[in-house]
Amino acid sequence: MARVGVFVCHCGLNIAGTVDVERVAEELAKYPDVVYATTYKYMCSEPGQKLLQDAIKEHKLDAVVVAACSPSMHEETFRTAAGYAKLNPYRVEMANIREHCSWVHADEKEKATEKAIAIVKTIVEKVRENEPLKPVSIGVSRRVLVVGGGVAGIQAALDVANAGIEVVMVEKKPSIGGHMAQLSETFPTLDCSQCILTPKMAAVSKHPNIKLLTYSEIIDISGYVGNYKVRIKKKPRYVIEDRCNLCGECEKVCPVFVENEFDEGLSLRKAIYIPFPQAVPSTYIIDSEHCLGLEPIICGKCIKECEANAITYDMSPEYIEVEVGAIILATGYELYPKEKMAEYGYGKYENVIHGLQFERLLSASGPTGGEVLRPSDGKVPKRVVFIQCSGSRDPDNHMPYCSKICCMYTAKQALLYKHRVPDGEAYIFYIDIRAGGKGYEEFISRAMEEEGVIYLRGRVSKVFPEGDKLMVWGVDTLLGNKVEIEADLVVLAQAMVPSSGTGEIAKLLKCAVDENGFLKEAHPKLRPVESVAQGLFFAGAAQAPKDIPEAVAQASGAAAKAVAVVSQDELYHEPTTAVIDEDMCSGCEICVATCPFDAIKLNPATGRAEVNEVLCEGCGTCAAACPSGAAQLRNTKDVQVVRMIKAALGVSET
Amino acid sequence: MSEEGFEPKIVAFLCNWCSYAGADLAGVSRKQYPPNVVPIRVMCSGRVDPQFILQAFRDGADGVLVGGCHTPGDCHYLTGNFKAFKRVTLLKRIIAQMGIEPERLRLEWISASEGDKYAQVITEFVSQIKALGPLQLEVAHE
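Protein sequences, first through last, are from chains W and X.
In terms of our numbering, the first sequence is residues 1 to 654.
In terms of our numbering, the second sequence is residues 1 to 142.
Honestly, I wouldn't trust all of these hints.
Said to hold, decoys possible - Heads up, simulated BS3-like pairs for lysine-lysine below, C-alpha to C-alpha not over 27 Å straight-line:
1) Lys-211(W) to Lys-173(W)
2) Lys-130(X) to Lys-109(W)
3) Lys-252(W) to Lys-304(W)
4) Lys-109(W) to Lys-86(X)
5) Lys-646(W) to Lys-92(X)
6) Lys-117(X) to Lys-525(W)
7) Lys-235(W) to Lys-525(W)
8) Lys-637(W) to Lys-92(X)
9) Lys-646(W) to Lys-130(X)
10) Lys-86(X) to Lys-510(W)
11) Lys-130(X) to Lys-111(W)
What the hints assert, rightly or not - Now the stretches of chain W that chain X is said to cover, found in silico as 3 or more residues with beta-carbon under 8 Å:
12) 104-114
13) 284-294
14) 505-513
15) 560-574
16) 612-619
Bear in mind the hints are in silico, worked out from the structure with no lab data behind them.
From a predicted model like this one, the values you see are computed outputs, not experimental measurements.
Cβ coordinates follow ideal geometry from the N, Cα and C atoms, glycine included.
Just chain X, same shape as in the assembly:
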């Protein structure tokens, strides 16, 4: 299914306190990873409305990453990460029914001290999406 020279487009929703800061640390430590991901900062992974994820797929994302603070106790807002977990878990089942491979949606807990992990997750995710190939969606435009 994968295409030659395919460069996936990926959107990453990163929580301000952990994952975004983890991505900052990856930068400070000059960890190199593929440039296919555009991050969008949200205050909490609990802010990520499932509709944002669907919107991203609809607008041509080949993969979506949601990054939050480690469970159980790291969330700056106490339980936002659990909410993200529930929403993403459910959404994975829904997108599967829409014909989107659930692996195109990934949830990761990345702390502010895990720059290495951020770089590793992005690298892994990009190669995984490359293997899956571009997302083929029939979108009925309004």
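Chain W on its own, in the form it takes in the complex:
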């Protein structure tokens, strides 16, 4: 026999204004196992909590129901309060008679009171069968994995490393730096992007707490918060990093030309190359896909030239395993694919380029040394049309969301173009200007008013070639006119989409993504840098389109949270997990197949299923699937739910 205490809260008039709280207490006092029932004006207040604690001691209560608001509001409050009175917190439950009753049945006082009584009875039925539980304790690997080496990953890695914690950074590409390394100057301050980024890249490579693995991919992750096991494949570079002295002789003799990814296809590189001069790690790499076969008989020119003996054609992938306590995903973005932008002729006409390509044209380290020259004939374009929201904000045909940074970078690009080509004309087609950020609005005004960039509000319907020009047909919705511009160059502010690696790693980690493939945060407002899965944090544009300051801020947030996880001596896990009754289990493995977290395994020695309490998230789907009732969810056992059903329907137990 349990000794249950029921505490009915008035919540001022929020509950008592509709529900007859005294009657609820009277009815519950008559209910089996209830030895004490009372009401109080505000249970969550200090005196309310004291009332609860005193009653636990005085009436020797071994279970408590607080009939008040939603458990999401105050379950923790009352469990903690009961804990101080030496009652196991898992013997405390809340009955929600505010959100689910008094607030939604304001005009039906009698029926609301009946419903409140039924709700409280269901919770009494539950709590008297609740096991007193202790949180499951787990150890912690004091190391953090950062996936992605763009500015967000770099910031996160540095912050974690500076807190004295080891970091393993994994980057798919041969160098860290991400898209920020490709940019010319950054809005709204016009800082040179590389000048502010490369010192941070160097800091990553030199930091004693950071192990940097570039040209590497994560092939498997298992485990849980505090104890992830990560398997990483380090692809062969065919150049020994420590020996390469960047003399560049190899590159001169390499006969193979390949499109340069860093210049977004606007220049060519060799099959042996360095992604960009400031690359980290600072070393050449052989692109094995295009190299003439890594067979000295076929080519072998570079190996002969290398005085440092850094080149070897005999290098295999290296597999590395690390244990980490927390993971920061900073896998970044890509641009919306050109195949999907037929209306603007992107991918078809050479002089229709995207924003990142224009960044390369503006960059001093770019293919033109910072001179704006159009791809088709290398001439200076005298009239440039920028099209914003290319692929964004178009739920019917493309991406429904706003890519957020395009208004700002397009203004910057138009302004920089005007600086480089003072007699040139820059037109920007826009839907709305979104310039919410420090100094952003002022920057847009500067582009419009001081730099003479011409803004046209409206969409472009078609881009097509005429001679060596591009005809841009659009509409100016402010004047209601059709607009026709003969342009030399068209620049598309392509939508930002999550990088392909984002989807891959989300799948490995069973981490939810939203309808557009961006990593899904635990709460859009209050938990924006973490996943619902514990120990998993987000930084940068893989979570949503964002600009550099936001990505950096989110990275520092993610780093602080990751440090908070791995700094614990031990972590605790909810003990309301599944449990298998060995005597009833037939070893059919239905639960093994149904568990979404791989938390149940068949013990080959006993032939019975076993739950890994640390992996179990407590959803209870195994209990619903088990044909014999051997699998149960602690504190939501079948017998509890059945009794709750009976109480809800007013069926007495006997």
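With the hints as your guide, set chain X onto chain W.
Frame of chain W, contents of chain X only:
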């Protein structure tokens, strides 16, 4: 079939993360709906054993609602909502063979931000069950 003054009894199994929170939001927004439904909180709609639903009908429920997170991607436990979907779909066919109208069992995806939808679903469901009348079941008691 409906009876004058009939007030249906309905049990709602609500998942903790979406539907229960949606019902909370209906409360916070003071959406009014009929008081015929007693909610039972489960962590996941995937926890709802078909036997719970049968038990409810057996114990006199005129209708049963199962509320989960939106498919495909909203489930806090990745795929619990799909499991609920499969189980409820199958169970609807089974209860039909038992003489229980399948409309008495309803599955809804209600997110934590859909307080309006929760109130609307309850209102609709209650009037639907009222139209169907009380569940007439011959139950052989042990």
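Exercise for the section: Hint by hint, work out which the structure violates, then give me just those numbers in ascending order. Expected result: Going through the list in order, the structure violates hints 4, 7, 13 and 15 and respects the others.
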